Every structure is written in structure tokens, then in C-alpha cells.
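If you're matching them up, the sequences are chains A and E in order. Take 200 as the starting number for the first sequence in my numbering and just add one per residue. Take 3 as the starting number for the second sequence in my numbering and just add one per residue.
It should be emphasised that the hints constitute simulated quantities derived from the structure, not laboratory data. Given the structure is predicted, the values throughout are model-derived calculations rather than measurements. Among the hints, erroneous ones may be present.
Computed footprint of chain E on chain A, listed as stretches where at least three residues anywhere in the stretch have a Cβ under 8 Å from a Cβ of chain E [what the hints assert, rightly or not]:
id: 1; region: 215 to 222
id: 2; region: 225 to 232
id: 3; region: 303 to 311
With the Cβ distance kept under 10 Å, some of the chain E side facing chain A (calculated, not the full set) [said to hold, decoys possible]:
id: 4; residue: Met28
id: 5; residue: Val52
id: 6; residue: Leu69
id: 7; residue: Asp71
id: 8; residue: Trp74
id: 9; residue: Phe78
id: 10; residue: Tyr87
id: 11; residue: Asp98
id: 12; residue: Ala101
id: 13; residue: Lys103
id: 14; residue: Tyr106
id: 15; residue: Pro160
id: 16; residue: Tyr163
id: 17; residue: Val167
Every beta carbon over 12 Å from chain A, so not counted as near; a handful from chain E, in silico [said to hold, decoys possible]:
id: 18; residue: Ser14
id: 19; residue: Ser16
id: 20; residue: Glu23
id: 21; residue: Gln26
id: 22; residue: Ala29
id: 23; residue: Tyr30
id: 24; residue: Cys31
id: 25; residue: Met34
id: 26; residue: Thr49
id: 27; residue: Arg72
id: 28; residue: Gly77
id: 29; residue: Arg123
id: 30; residue: Asn150
id: 31; residue: Pro162
We treat Cβ as the ideally placed atom computed from N, Cα and C, and that holds for glycine.
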Amino acid sequence: MTAETIAPGVQSASDDILFRGNLYAEGIYAKTDVVKGVTRNRLGTRLCSLSEDFLLGMRRAIVDECGSAADAVFKSCGKRWGALLARRFEKEMSEFYGKAIGEFSMSMFLGCLVELFSHHGWGKLNLDLTHYEEGLLIAELRSAIMADLVKEADQPADTLFAGIFGGFFATLTGEDLDCVQTTCTACGADASRFVIGLTPRLADVEAWRNDGTNHADIIANLAQVRVKG
Amino acid sequence: MYSRMMQIINASDSRYLTAQEQEQVMAYCASMPKRFQVSRLVEQKETEIVNQVIAELKKRYANFPNLHDRAWEKGFRDLQLVLRYIVQGMLMDDLDMAADKLLYWFRTIVASAGMTPRFMRDTYTLLRDASKQKLPPDAYQMLETHLNRTIEIMADIPEPYKPAV
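The task is simple: from the sequences and hints, build the whole structure.
As C-alpha cells, then:
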């Protein structure tokens with residue numbers, strides 16, 4: 200800690216992990232070794248870019264192959280990816296900031312998670328904690344990658360990310376969590392929204408959404424749902 | 003996020019720099035001693051500047067320490083960090099640098115800790131005003147646009163669900 204005196208007995212909290220700066224800082228986060236053809240982030244994790252045509256091609260292939268089961272496949276893939284993402288996020292955060300992620304303040308955790316999404320080009324994430332005490336977390340994703348690419352759909356297009364959110368938070372908390380998309384920009388909404396909560400509690404959310412229940416009413420309905428935790 | 007030098011180099015891909023571009027590079031290089039001088043001045047005055055901001059915030063937001071652990075210590079740290087990135091942006095003549103590297107991340111963190119847009123505007127306006135008071139006019143002038151941009155970015159947060167200021 201520095202000894203800069205602010206007032207008697209008060210010093211800069213320069214020992215705090217926030218003083219380490221932003222892991223995802225633009226210009227530093229990723230670097231490409233063009234000789235090897237390898238891009239890594241500043242902690243050594245290998246990254247690659249997936250173009251629009253690749254993502255759309257992958258989506259079309261799964262829809263063509265799996266038909267009505269495609270959403271379940273996206274969700275399942277997303278859950279696995281989300282679980283791996285959570286482990287990497289935990290590892291990189293603790294490596295960079297020198298502290299286990301469980302010791303992060305909620306605001307620091309959120310700040311880093313939002314950066315993870317934006318610097319990887321997945322969209323601008325906003326986590327709404329308004330319903331946190333009721334056991335629900337709301338994620339809002341603007342410029343969501345899949346919805347932006349699909350453009351128009353009659354069903355939410357970000358099921359992969361619903362799986363990712365579910366797998367990510369389930370892994371970090373050790374709870375049986377799931378996530379369901381409630382609005383999608385490809386269906387005309389202003390943002391893609393997701394509700395995250397205990398799996399049995401979210402059991403009816405997809406049916407409500409498909410019946411035309413809006414996001415706010417789904418959250419209100421969920422406030423009445425009680426499950427054994 | 004590109005400094006002026008990189009913008010010029012990138013714009014000249016596959017060719018030599020024009021005379022006008024060379025002049026721009028020379029002008030930027032010639033400005034470096036002054037930029038480093040301003041950086042050293044801010045470094046020397048950092049504690050004074052931040053102290054002044056904290057002192058004023060203490061008057062305006064007396065309840066703040068009751069709502070946050072080590073509130074003013076963290077406030078001091080936050081202002082130090084922001085000021086240092088503002089200086090980096092000034093050194094590189096890049097108005098986006100502080101935002102891309104620090105401010106957007108930092109803004110998410112403070113917003114979720116219950117800071118209000120008003121609190122943020124007050125804090126970073128005070129940072130600008132303290133810098134103006136503590137630095138020579140020509141040094142302040144080199145930071146002014148960066149300080150103003152910082153106010154706009156940091157105050158652009160939603161009203162919190164549970165204000166904590």
C-alpha cells in the first residue's frame with residue numbers, strides 16, 4: 200500500500216485488486232503471433248475468431264440436421280461451453296488479480312464479466328440484479344451475436360447463449376441453474392433478455408414465452424413460483 | 003483505439019508517408035517533451051489533486067463511508083487510476099485510450115456498486131476542477147478534453163436500483 204495521506208488515518212486503497220487494472224484492456228488483451236498463426240490472450244489462452252459465415256453455417260447445419268430438436272442441441276452445447284467458460288474465467292481472474300473469484304466483490308465480478316463479453320464480440324451484457332434476492336438473475340444482451348446474424352426469426356435465436364449463461368452460473372455457484380431466453384432482437388425486441396434461476400423454477404418459462412407472455416410478466420409469474428432449493 | 007502515430011502509419015499502408023504525414027509525425031514527436039512534462043507534473047500533483055476532490059466529496063456525501071467499506075480509500079484509488087489513464091491518453095494523443103482500457107470497465111463496476119449518475123458527474127467534475135487549480139494553465143489545457151470526456155463517460159450510467167451514495 201502506498202503511504203499517500205488523504206486525511207489523518209486514510210490512505211489510498213492501492214492494495215485493492217482493482218488497482219491491477221482491466222484484464223481485457225483494449226490493445227493489450229489479445230496478441231497474434233503471425234509467424235505461428237496463433238492468437239493468445241495476455242494469460243496465454245489461445246483464441247480464434249469465428250466469422251459470420253461460420254456461425255451462420257454452423258447454425259443452419261444444426262437446424263437442418265436436428266429439426267425441432269435444434270434448440271435443445273444449442274442449449275446443451277451452450278451449457279457445456281458455459282461450464283468451460285466459467286472455469287477459464289475463474290482461472291484467469293485469479294491468475295491476473297491474485298485472488299480467488301469468490302473473494303471478488305459482486306461489482307468487480309460483474310465489471311469483468313461484462314468486459315469478457317464485449318471484448319470477445321458476443322454483445323453488450325447487462326446483468327440486472329433487481330430480482331437477485333428472489334433468486335433470479337436477468338441478463339440483457341444488446342448486439343447479441345446470434346440474434347444480430349439471424350436478423351429475423353419467429354423464435355428466440357440466442358438459445359446457445361441461454362445455455363452458456365446457464366452453464367456458466369451453474370458452474371460458478373455449484374447450483375442446478377438454468378437459463379431461458381425471454382426476448383430476442385431477431386423477434387423484434389429491443390434487446391435479448393434471459394432469466395437465470397434454479398432449473399425446476401424455470402420449467403414453465405419457455406411455455407409462457409411461446410404463449411406470448413412478455414418478459415415483465417414472466418418475471419412476475421416467477422416471483423410466485425417456489426421450489427425446494 | 004489508435005494513437006495518432008498508428009493512425010498515420012495505418013493510413014499509409016503499402017506506400018511511403020507523404021510530406022504532410024511526415025510533418026504530422028514530426029509535430030507529434032516535437033510535442034513529446036511537453037507531454038512528458040505534463041505527465042511529470044500530474045504525477046507530482048496527483049495526491050494534492052485527489053485530496054482536494056475527496057475533501058469536497060466528503061462534504062457533499064457525508065453518508066458515503068457508512069455505505070461502503072474503506073469508502074474514501076477506494077475513492078482515492080479510483081481517482082488515481084482514472085487520472086493515470088487520462089495522462090496515458092494525453093501522452094498518446096488518443097481521446098479513446100482511457101475509455102477503451104479502463105473507463106467502460108470501471109463504469110460497470112461503480113454502477114453496480116450503487117453509484118448514481120449525479121455522484122459520478124460530481125466526482126469527475128471535481129477532478130477536472132482540481133486539475134485546473136493545481137496545474138499550470140498550459141498543462142491543464144492538454145488534459146482538458148480528456149477530463150471532459152471522462153466526466154461524460156463516467157456519468158453515463160443508469161440510476162441504480164439501490165443508490166449507495
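Okay, the hints, checked on the actual structure:
Figure legend: the region 215 to 222 of chain A, annotated as covered by chain E; annotation consistent (5 residues with Cβ-Cβ distances under 8 Å, at least 3 required). For the region 225 to 232 of chain A, the stated coverage by chain E holds: 3 residues have a C-beta nearer than 8 Å to a C-beta of that chain, and at least 3 were required. Under the rule that three or more residues need a Cβ within less than 8 Å of chain E, the assignment of the region 303 to 311 of chain A holds, with 7 such residues. A least Cβ separation of about 24 Å between Met28 (chain E) and chain A goes past the 10 Å threshold, and the interface hint is therefore violated.
Interface restraint check: Val52 (chain E) against chain A, minimum CB-CB distance 7 Å, threshold 10 Å, status holds. Hint status for Leu69 (chain E): violated, given a least beta-carbon distance of 13 Å to chain A, over 10 Å. Annotation: interface hint on Asp71 (chain E) holds; nearest CB of chain A at approximately 9 Å, less than 10 Å. Taken as an interface hint, Trp74 (chain E) checks out: its beta carbon lies about 5 Å from the nearest beta carbon of chain A, inside 10 Å.
Hint status for Phe78 (chain E) relative to chain A: holds, with the closest Cβ pair at about 4 Å, below 10 Å. Checking Tyr87 (chain E) against chain A by beta carbon gives a least distance of about 9 Å; that is within 10 Å, so the hint holds. Nearest Cβ of chain A to the Cβ of Asp98 (chain E): about 9 Å, under the 10 Å cut. The hint holds. For Ala101 (chain E), the suggested interface contact is upheld, since its CB lies about 9 Å from the closest CB of chain A, less than 10 Å.
Annotation: Lys103 (chain E) was flagged as interfacial toward chain A, and the flag holds, the nearest CB pair being 4 Å apart, inside 10 Å. At a threshold of 10 Å, the smallest CB-CB gap from Tyr106 (chain E) to chain A is about 8 Å, leaving the interface hint in force. Annotation: interface hint on Pro160 (chain E) holds; nearest CB of chain A at approximately 9 Å, less than 10 Å. Residue-level restraint check for Tyr163 (chain E) holds (minimum Cβ-Cβ distance to chain A is 5 Å; threshold 10 Å).
Here the hint on Val167 (chain E) is broken, as its CB sits about 14 Å from the closest CB of chain A, past 10 Å. No beta-carbon of chain A comes within 12 Å of the beta-carbon of Ser14 (chain E); the shortest separation is about 20 Å. Interface exclusion of Ser16 (chain E) from chain A stands, the closest Cβ pair being 17 Å apart, more than 12 Å. No beta-carbon of chain A comes within 12 Å of the beta-carbon of Glu23 (chain E); the shortest separation is about 22 Å.
The beta carbon of Gln26 (chain E) is kept farther than 12 Å from every beta carbon of chain A, the shortest such distance being approximately 21 Å. The claim that Ala29 (chain E) is not at the interface with chain A holds, since no C-beta of that chain comes within 12 Å of its own (minimum 23 Å). No Cβ of chain A approaches the Cβ of Tyr30 (chain E) within 12 Å, the least distance being about 18 Å, so the stated non-interface status holds. With a closest Cβ-Cβ approach of about 21 Å to chain A, Cys31 (chain E) is found to remain outside the 12 Å limit, as its non-interface label requires.
For Met34 (chain E), the shortest C-beta to C-beta distance to chain A comes to about 19 Å, beyond the 12 Å cut-off, and the non-interface label holds. A cut-off of 12 Å between C-beta atoms contradicts the statement that Thr49 (chain E) is not in contact with chain A; the least separation is 5 Å. For Arg72 (chain E), the requirement that its beta carbon stay farther than 12 Å from each beta carbon of chain A is not met, with the minimum near 5 Å. Distance to chain A contradicts Gly77 (chain E) as a non-interface residue, since its nearest Cβ pair spans about 8 Å, not more than 12 Å.
No Cβ of chain A approaches the Cβ of Arg123 (chain E) within 12 Å, the least distance being about 19 Å, so the stated non-interface status holds. Every beta carbon of chain A lies more than 12 Å from that of Asn150 (chain E), the smallest distance being close to 21 Å; the non-interface claim holds. Pro162 (chain E), annotated as away from the interface, has a beta carbon of chain A within 12 Å; the closest lies near 10 Å.
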